[in-house]
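Spelled out, the chains give:
Number of protein chains: 2
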Amino acid sequence: MARYLVTGSAGFIGSAVARRLIESGNEVITIDNLSTGHKEIIPKGVTFIHGNCQDISVIEKLYTSRLEAIVHIAGQSSGEISFDDPVYDLQTNAQSTLLLLKLAQKIGCKKFVYASSMSVYGEQPDRPTAEDAITLPKSFYAVGKIASENYLRIFSQFGITTTSLRLFNVYGPGQNMENLRQGMVSIFLAQAINQKHIHVKGSKDRYRDLVYIEDVVDAFLRSLDRVDNEFNVLNVATGIKTTVEKLILKICQYLPFKPTMEYSGSTPGDQFGIYGDSIKILQVLGWKPRYSLDDGLRAMVEWALQNK
Amino acid sequence: MARYLVTGSAGFIGSAVARRLIESGNEVITIDNLSTGHKEIIPKGVTFIHGNCQDISVIEKLYTSRLEAIVHIAGQSSGEISFDDPVYDLQTNAQSTLLLLKLAQKIGCKKFVYASSMSVYGEQPDRPTAEDAITLPKSFYAVGKIASENYLRIFSQFGITTTSLRLFNVYGPGQNMENLRQGMVSIFLAQAINQKHIHVKGSKDRYRDLVYIEDVVDAFLRSLDRVDNEFNVLNVATGIKTTVEKLILKICQYLPFKPTMEYSGSTPGDQFGIYGDSIKILQVLGWKPRYSLDDGLRAMVEWALQNK
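First to last, the sequence lines map onto chains H and B. If you count the first sequence from 1, position 35 lands on 35 in the working numbering, and the numbers rise without skipping. If you count the second sequence from 1, position 177 lands on 177 in the working numbering, and the numbers rise without skipping.
One thing to keep in mind: the hints can contain errors.
One copy or two, it doesn't matter: identical chains are merged, so the pair holds either way.
Unchecked claim - Simulated pairs of lysine to aspartate or glutamate, EDC-like, Cα-Cα distance not exceeding 20 Å:
no.: 1; residue 1: K102; residue 2: E230
no.: 2; residue 1: K102; residue 2: D85
no.: 3; residue 1: K106; residue 2: D84
no.: 4; residue 1: K288; residue 2: D225
no.: 5; residue 1: K106; residue 2: D85
Bear in mind the hints are in silico, worked out from the structure with no lab data behind them.
Same shape as in the complex, but just chain H:
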């Protein structure tokens, strides 16, 4: 049993990571500003600090804590939304990481795992993108993620084992079905269920690498076992390319009705296509996905229909 800080536990991924840690008998503290998350989502037993991770007055509350590890997941999580207020995005997605790394250094916490994103890559050639690809961010969100990764590299010099997980398109039960600007699977599924109509902003030929939430949680937990005092950046990806068209066909396959379809417009900062090379994470963490897209989507559609 150990004590962890998992920021953003009122959100989709943070709550799933916190829950698994609690279930294994650990103590979990979270910081969340509830800007997109909901208090009810925070798993039972988690100590909740309401506030922004980019505010030093919030971080100071932990100056006397002992933490086994910091898992930083909080942050504005949409490339599209980052165009609304780029300065806020820099603060929530980069300044926050800096303050939390300084906290780790101050209190002698030796492990730090960060939720980065495949968005750091921007447009890449049509092949699995590996971690050593040049980063070509297209959104303010992605700029902050890169800055955070660079902070992790610097703090690894101070004896902290830092892992940056570049999450590809995460989906699954628990995803926010109300935010129609974040999460490709949840956006399409929410539209299908609520309006019986799916409006795709962009080409049906765009493609993504879809990773199921439980597999993502596994990647976080395995990162917590690293002890080498080094910085590592790892794709959390399946290596499988799924087009928007194929994704929607599969979603519809598990729905008990047939939504109408519309393709028009585009999304600022959107990547055309990206999927990940997953060799490094297998080598470093022994991680590979356990859930197929069909299994994952079936579970998610079922959950969404039950919770609408």
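Assemble chain B onto chain H, guided by the hints.
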């Protein structure tokens, strides 16, 4: 004749760029917080706004201006100092760029030139480093510079021609001889003149690419002629590798006395060795250095002795 905003004109590089623009009959506005710069250094004729470029209240003063171009040079300029207050560094070196790019977008300014740094590269193999090398920043300063470059890439989508100049070790008359934590040539020269003793924090085998201030100003002016609405990142480098040992020998050669020497300690975030590939800037801007290291150092030592 046109109107330019040149931030940081109370500093070494900013004042040199502003002076050249004024001499060619242009109008120049500057923003400077005088944190390390001096008001007297601002060239005559420049309109001075005292403040931080990361403060929206300062930037708002230009909301009704018409500007031919924005040249953003202001910012904390030392990798070493960035370890003192990393959050301030993020604000001065990244948030400032974001606000100035938004200003350009708002007022229809179509050109933006940014003073980036060779520090974005971190440790690289012992060969001329080209612009497509992977960035491995070792200081908080360098993290902010990378974030700024990424902002420039994003804003080029909005019809702004953006150029990021990765300045290698700039030296020459006008360099701050009082800040002993910034500028390799000025640090050694100031020590030699003031204490007749040079204390080198780090190995004598470290190496750098030394670029003379007048050549650097040329690179800025040539960047102002770009009109392609694209983002370009360019090394401002000679392609010549100079070791710390050789640099000090040359400085001493032009001094009328012989300083004593001491090698001990190290500098946080310091790169061991770096020199730049200068092919791209020749292709894109037709730029190549006009001053040899001997000519440049002779002029600088002469200036420093006259102004001590």
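Subject >> Same-copy or cross-copy closeness of K106 to D84 [CA-CA at most 20 Å] >> reply: For K106 and D84, only the inter-copy Cα distance (14 Å) is at most 20 Å; the intra-copy one is 34 Å.
Subject >> Copy assignment of K102 with D85, given that the CA separation must stay at most 20 Å >> reply: between (25 Å within a copy, 11 Å between copies)
Subject >> 20 Å Cα threshold - placement of E230 relative to K102 >> reply: within (16 Å within a copy, 37 Å between copies)
**OP:** Could you figure out if K288 and D225 sit no more than 20 Å apart (CA to CA) within one copy, between two copies, both or neither?
**Re:** within (16 Å within a copy, 51 Å between copies)
Original post:
With identical chains treated as interchangeable, where does the CA-CA distance between K106 and D85 reach 20 Å or less: within a copy, between copies, both, or neither?
Top reply: This pair counts as between: shortest inter-copy Cα distance 14 Å, intra-copy 31 Å.
When held up to the earlier numbered hints, the structure conflicts with none and fits them all.
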